[in-house]
Amino acid sequence: MSGAVFPIATLASSLLVAALIFLLPERAWWARTSLNLGASLIKLGLVGWMVWGLHRGLDYAVEFPVVAGVSFVLRADALGIMFAGLSSLLWLFTTLYAIGYLEDSPNRKRFFGFFSLCVASTLGISLAGNLFTFLIFYEMLTLSTYPLVVHRGTPKALAAGAVYLRYTLSGGLALLLGVVALHVIAGDIHFGEREVLADLGAEWHPLLVSIFVLMILGLGVKTALVPLHGWLPKAMVAPAPVSALLHAVAVVKAGAFGIVRLVYDVYGIELSYQLGLMHGLVAIAAVTIIYGSLRALAQQELKARLAFSTVSQVSYIVLGVGLFGPLATVAALSHLLHQGLMKVTLFFCAGNYAEELGIHRIDELDGAGWRMPLTSFAFTVGALGMIGLPPTVGFISKWYLGVGSIEAGMPWLLAVLVTSSLLNAAYFLPILHRLWFRVGPAHGYGDWPDERRLGRMETSGWLLWPTLATAAFSLLAGLLASMPFSPLEWAARVASQEYVL
Amino acid sequence: MNDLAALGDEALKLTPSLWAAVWLVLGGPLLLGLVALYWPPRRMLTVVAAYLPVMAATGWLIVTVAASGPRHASLALGELTLTWYLDGLATLLMLLTQTVLLASAVFAVGYCRAAELPSRPAAWLWPLLGGLSSGLTLIWIAADLLSLYVGLELMGLCAVALMLLPGEADALAAGMRYLLYALVGSLAWLLGVSLLLGAWGRLDLAGLAAVAEPGTVTTIAVALLSAGLLLKASIFPLHAWLAPVHGAAWIPVSAVHAALVIKASFVILLKLWLLLVPGQVVAAWGLGGLGSLAVLWGGLLAWRASGLKALVAYSTVGQLGYLMLAFPLLIGTSDAVATLAWRGTWLHLAGHALAKAAMFMAVGSLVLATGRSKLSELAGTSRRLPLPLLTFGLAAVTLMGLPPSAGFTAKWLLLQAAMQGQQWIWILVLVLGTMLTAAYLFRMFRHSFDEQAPPLTYRRLPPGMDLVPLLLALAALALGLVADLPLNFLSAQGASS
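Here the protein sequences line up with chains A and B, keeping their order.
Last residue of the first sequence: 501 in this note's numbering, with the numbers rising by one and none dropped.
Last residue of the second sequence: 497 in this note's numbering, with the numbers rising by one and none dropped.
Next up, chain A with everything else stripped away, as it sits in the complex (with noise of 0.2 Å):
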């Protein structure tokens, strides 16, 4: 019974948060702010309770019927906890940082609601148990993020809104359908119950596969495989936390982690690689990957090249996921964590260069690093692993995926891989040089484009400890990881029970 009690905890936590957020009038900013980080300490909590129990081998799972043979499932298994952790870490910083960020706009109270139920969604989607609880939140996902998408209520927030919403809803309904049809076929299946579509027999190979086509369709849009993609680089005109939150864990990452559920915990890995699926999905992956660093390369906006690095990156946890073999799989897991943190810190750092300097352009950050050298600092780590270059995180994903490509018989990956790494550099780079190396208005050429002193440091505390936070996450789970929950050593505990077949 007890075990009934944390995944209903947790989701509850921000579900009443947002309620009472609702609830209370705009100016209440105390009890807003300490409702919001009361909440998100107490899911951290709960979650790393559960990260706890999981490791002493208990079982937090919970299950109601909705409608006869459809059933409401929320479990807590070692890959759903992940997320759950990583959102849960992020959302805390998130919070910190939108604090700060939104101080003195209108719509606060709008913004903390949804923002809430946003991140209610993503715990929904990582405890979901079963497709039809999975697809709840994926589509309350959805709804929740659209009014923080045009949350600044111009024009151009209101175009990308309806193009987000557009992409979505559509990538929705293909994947409803593809759920509902798996339903009429096989049931009910629980994660983790892989033998049920195995044991079905060759003849439903083709509508099996016809089905994967169409979920993959669902989920690809949200984790912005190309050519479904459109929605992401517009949808970056939202504030900086709400980018940071999207590219991060909540968006994108709900739909790369959707795209592991139905491989590894639906399908199964035997499954899907007699079906010939991976070799599709790894395809599509090769191409988003390639497709979103020269994208990215040809940006000159900041946020802009941050939001096609996304495209590019979140393809890496489809890339692992399609390559057949433990090594790629425990780098598409331990991919999902770090590819969070590094594109947080990123677009933090993104939002403190425009909040205090007015920054939005690249060409603009001539020796940025010397006005705000933390931030900057933060910005080098964040880059540096999206790079690959050790002892980062983003060091770690690649040498995995790069071994288990060979692992799985594809070396010709490794060229996808080191190209995608160049361009990578090559994109990055030179935003580094520009932050370090120019000469700029912190050594008297020139202005900041709209300079405000919004803090005693460089800029105002709210929005630089997050980033820092961040910025050492990253490090350490690049340092650490061989020790017990990294990130790496966990992703190694789920690959270690996919492989147990």
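Misleading hints may appear alongside valid ones.
Beta-carbon label-pair distances, calculated as ranges [said to hold, decoys possible]: (1) V63(B) - H55(A): 45 to 51 Å; (2) W29(A) - Y458(B): 51 to 57 Å; (3) I425(B) - P430(A): 54 to 60 Å; (4) L207(A) - D335(B): 20 to 26 Å; (5) I425(B) - I185(A): 52 to 58 Å; (6) A478(B) - P206(A): 35 to 41 Å; (7) T33(A) - M55(B): 57 to 63 Å.
Okay, derived cross-link-like pairs now, EDC-like style, lysine to aspartate or glutamate, Cα gap no bigger than 20 Å in a straight line [unchecked claim]: (8) K309(B) - E377(B); (9) K234(A) - E301(A); (10) K234(A) - E451(B); (11) K271(B) - E153(B); (12) K271(B) - E213(B); (13) K271(B) - D335(B); (14) K156(A) - E451(B); (15) K109(A) - E153(B); (16) K156(A) - E301(A).
Hints were generated in silico from the structure; no laboratory data involved.
All residues carry an ideal CB built from backbone N, CA and C; glycine is no exception.
Fit chain B to the known structure of chain A by using the hints.
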């Protein structure tokens, strides 16, 4: 459904105390309405308190039927015998009706005050709502064509009168048109009934189902009955009267009308088809086709609509189309498919009733508070009126069929039924309908999230007017997650078995 199995069983007749409960639900609202004609309620809590006995009686009926199965009753009026039948479906529909009516009545108290309605017509709102309630309840429990006719007419006339209440030119014009349509519908219905009576000599549904053989007479009779009902249910292409009527009517009236009145005709239609022509697969597909066109055309009209009320009204046309998919999915399909479709249909009906009532009320609050009735004039409202907008959004979730909501679970069931029955075309309809619904409902947010519009002046409304629709919308969401309980209670499922 509708096996009406308990009908002959003496032991399952209504006991006197159950009779009292039925009469309370049937007549209570009308009585309360007549009292309110002379002493109109001034506080929302008064309405809630006065309505408590009716709700309690409804609850008791549900509990009784759940515990000991369907009950029936007959009422001799001279030579005529009225047959009533209370099963899970009927009692659940009673609960839905009373919930929506109570919510609308509570909302109406605030609405009358906030909209400064003239006191005389406003006082008539109450007895007419009461009459509407009696008519609806009678329809839910009727098991003979005469009771159905009485219920239908009572409901229809009260609805027309309610539409005429505003007394303005456009309300009168729309109301008179509605009356005309309703009368034509009734005429068709009466013709059908007399044909059946002449051919088979009886009016009770169970008897008719037993003796009526498929043939020209039955077909023509059912066709006439159906034509009348389709007109009253504003099923495409007979939907033209709906939007003007709603545009001019008062908000609580629109809410009840869209949530319940229109559905009553659909419920009768479904009952009659399953009992009288369970083998007419082709015609059932025809009805499904009409429904599909309604989904698409209603969606397009709502998409083009510039007025808020028109948008919500056209959305009703589209949503009713989903219900019509019940015919091809229930008639001539396997038991498994029919069960899924049966449950999906009722869940969709309930979810839509709650959500549409909530949406009309939210729109009413928005229009009252801003004094604007066009979508484009609502720019920037999200800053000032978050609660009605939130309610609109939550109701929209149900209407779009996104999770977690009754609309979603219903769509899930219908999709599953269509796939299992291999009726692929309805899947396409459901998908297109969902996209259209999202397209026209998100127009609202596109305008209200606009931050660069000149600020409007706002009026304060009583908090109850925000709270009531919010609760309805939340109920529609919650229903999607706990649907198992009411659906299991829907008596024997399946088609005509």
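Hint by hint, here is what the structure shows:
1. V63(B) - H55(A): 45 to 51 Å: Hint holds: Cβ distance 47 Å, inside 45 to 51 Å.
2. W29(A) - Y458(B): 51 to 57 Å: violated, 23 Å
3. I425(B) - P430(A): 54 to 60 Å: holds, 55 Å
4. L207(A) - D335(B): 20 to 26 Å: Once the Cβ atoms are compared, 23 Å apart, the range 20 to 26 Å for D335(B) and L207(A) holds.
5. I425(B) - I185(A): 52 to 58 Å: Since the Cβ atoms of I425(B) and I185(A) sit about 20 Å apart, the hinted range of 52 to 58 Å is violated.
6. A478(B) - P206(A): 35 to 41 Å: holds, 40 Å
7. T33(A) - M55(B): 57 to 63 Å: The hinted range 57 to 63 Å is violated for T33(A) and M55(B), with Cβ atoms some 41 Å apart.
8. K309(B) - E377(B): holds, 13 Å
9. K234(A) - E301(A): It holds: about 12 Å lies between the C-alpha atoms, which stays within 20 Å.
10. K234(A) - E451(B): Holds. K234(A) to E451(B) sits at ~19 Å (cutoff 20 Å).
11. K271(B) - E153(B): With Cα atoms ~18 Å apart, K271(B) and E153(B) stay inside 20 Å; holds.
12. K271(B) - E213(B): Distance ~17 Å between K271(B) and E213(B) Cα, so the pair holds.
13. K271(B) - D335(B): Answer holds: K271(B) to D335(B) is near 17 Å, not above 20 Å.
14. K156(A) - E451(B): holds, 11 Å
15. K109(A) - E153(B): violated, 49 Å
16. K156(A) - E301(A): With a Cα-Cα distance of about 16 Å, the restraint between K156(A) and E301(A) holds, given a limit of 20 Å.
Comparing the model with each earlier hint shows violations of hints 2, 5, 7 and 15; every other hint is respected.
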